[in-house]
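*Asks:* In case you want the letters, here they are:
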Amino acid sequence: MTRKRQRMIFVLSGLGALGLATGLTLFALRDNLVFFYSPTQVVLREMPVENRNFRIGGLVEAGSLERVGADTIRFAVTDTANAVRVTYTGLVPNLFKEGQGVVAEGRLGTDGVFVASSILAKHDETYMPKEVMDALKAQGNWKGGD
Amino acid sequence: MANLHWLANPGRFLRISNAVVPYLAGLTVVLLAYGLWRGLTAPHDATQGAPATIMYMHVPSAIMSMTVYGGMAVASAVALIWKHPLADIAAKSSALIGAGFTATCLISGSMWGRPTWGTYWAWDARLTSELVLFFVYLGYIAIWQAIEDPQRAGRAAAILALAGSVNLPIIHYSVEWWNTLHQPAGLLQGKTDPVLAVPLLTLLAAFFCFYVTVLLLRMEREIVGRKIRQLRLLQAQA
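For the protein sequence lines, the chains are F and C, in the order given.
The first sequence begins at 1 in our numbering and counts up one residue at a time.
The second sequence begins at 1 in our numbering and counts up one residue at a time.
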């Protein structure tokens with residue numbers, strides 16, 4: 001075996017071992033690597049211990065947004081399978097609206113309503129000019145929110 | 001491989017590099033001007049409005065931050081296994097450019113995040129792994145600075161570069177493996193309208209040409225620098 005071949009095997013096996021170790025670590029930590037939990041996970045109580053802050057993410061359910069008082073809002077976060085009701089007092093990002101992605105941080109009340117202390121908006125990876133979006137809507141091919 | 005060996009001669013490399021750099025620099029300027037013009041005159045994204053214009057900076061620098069690292073890792077493997085002097089120099093010369101792209105990606109992403117998401121920063125898997133990439137670049141540069149003997153520095157740096165390459169698939173797949181605030185990739189999946197995708201891809205090409213241009217210039221400087229170092233060592237011994 002030549003020196004080059006030896007070095008190549010050394011480098012490749014080193015990379016393989018490191019990759020495997022990283023993969024196993026990430027797999028073991030998978031519950032801590034999610035930025036938010038889906039409404040279905042919350043309904044099934046798959047989030048961290050009760051009475052701890054966590055984030056819930058999904059779409060703002062169409063028709064669920066209502067204003068209560070000066071700056072308090074109520075809405076539902078849905079992943080189309082399940083929905084969780086959320087209440088929040090404060091300013092929301094510009095992108096926040098029905099049908100748009102949202103990540104809320106807070107804790108789940110005993111009544112099953114999520115009390116959010118902060119709201120982040122999430123957007124998807126489709127980008128298009130307004131004219132194109134309007135055309136898609138006119139053709140009935142629009143799949144996003146309003 | 002025969003071609004690689006032929007190019008691996010530093011003298012020949014210097015001659016070819018010198019001839020190519022002006023054309024590459026010109027191409028970079030042309031692509032950058034065209035991409036910026038098309039991008040800044042393109043209609044705004046319907047959902048996000050003006051802030052999405054930051055993607056013309058953010059997306060190319062994000063892709064380049066990983067491309068440069070990939071190239072650096074391959075060059076490091078070649079340097080470790082085949083002891084090509086140019087591979088070692090190419091890896092070393094890439095690091096600062098890659099770190100620059102990574103910083104641009106992180107800063108522009110932060111500026112984009114504030115008006116759209118509502119925050120400058122979130123510890124989600126995509127943002128965190130890209131930040132880790134930045135620190136790996138800094139660590140790689142630090143090794144070259146810390147160890148004076150180029151051969152020993154090169155070996156240590158190459159091993160770090162290879163070890164750090166496990167981060168590349170994590171950055172790329174983070175948005176698919178875990179729930180993240182960051183949206184998944186959509187450019188190559190055809191989810192970006194052509195009016196916006198054409199300037200974006202043009203700017204990606206511009207960033208790539210910029211990288212190759214600066215890489216060649218930095219490699220030339222490194223080769224000359226090493227020659228001077230060798231001459232000084234010989235002089236000291238004489």
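Among the hints, a few may not be true.
Claimed, not checked - Below 35 Å or equal to it, Euclidean Cα-Cα: the simulated DSBU-like pairs (lysine-lysine) are:
1) F:K130 / F:K97
2) F:K97 / C:K227
3) C:K227 / F:K4
4) F:K137 / C:K191
5) C:K227 / F:K130
6) C:K191 / C:K83
7) C:K83 / F:K4
8) F:K137 / F:K97
In short, the hints are calculated from the structure, not lab data.
*Asks:* Work down the list of hints and note, for each, if the structure agrees.
*Replies:* Taking the hints in turn, this is what the structure says about them:
A C-alpha spacing of about 17 Å is found between F:K130 and F:K97, which places the hinted pair at or below 35 Å, so the restraint holds. Between F:K97 and C:K227, the direct Cα distance comes to roughly 63 Å. Violation of the 35 Å bound is thereby established for this hinted pair. Restraint check: the Cα-Cα separation between C:K227 and F:K4 comes to about 26 Å, which is no more than 35 Å; the hinted pair holds. Distance hint between F:K137 and C:K191 is fulfilled; the C-alpha atoms sit about 16 Å from each other, no more than 35 Å.
Our distance criterion of 35 Å between C-alpha atoms is broken by C:K227 and F:K130, whose separation comes to about 58 Å. Under the criterion of a C-alpha separation no larger than 35 Å, the hint pairing C:K191 with C:K83 is inconsistent with the structure, at around 43 Å. For the hint linking C:K83 to F:K4, the alpha-carbon distance of about 9 Å falls within 35 Å, and the restraint holds. For the given pair, F:K137 sits about 18 Å from F:K97 by alpha-carbon distance, which is consistent with the 35 Å threshold.
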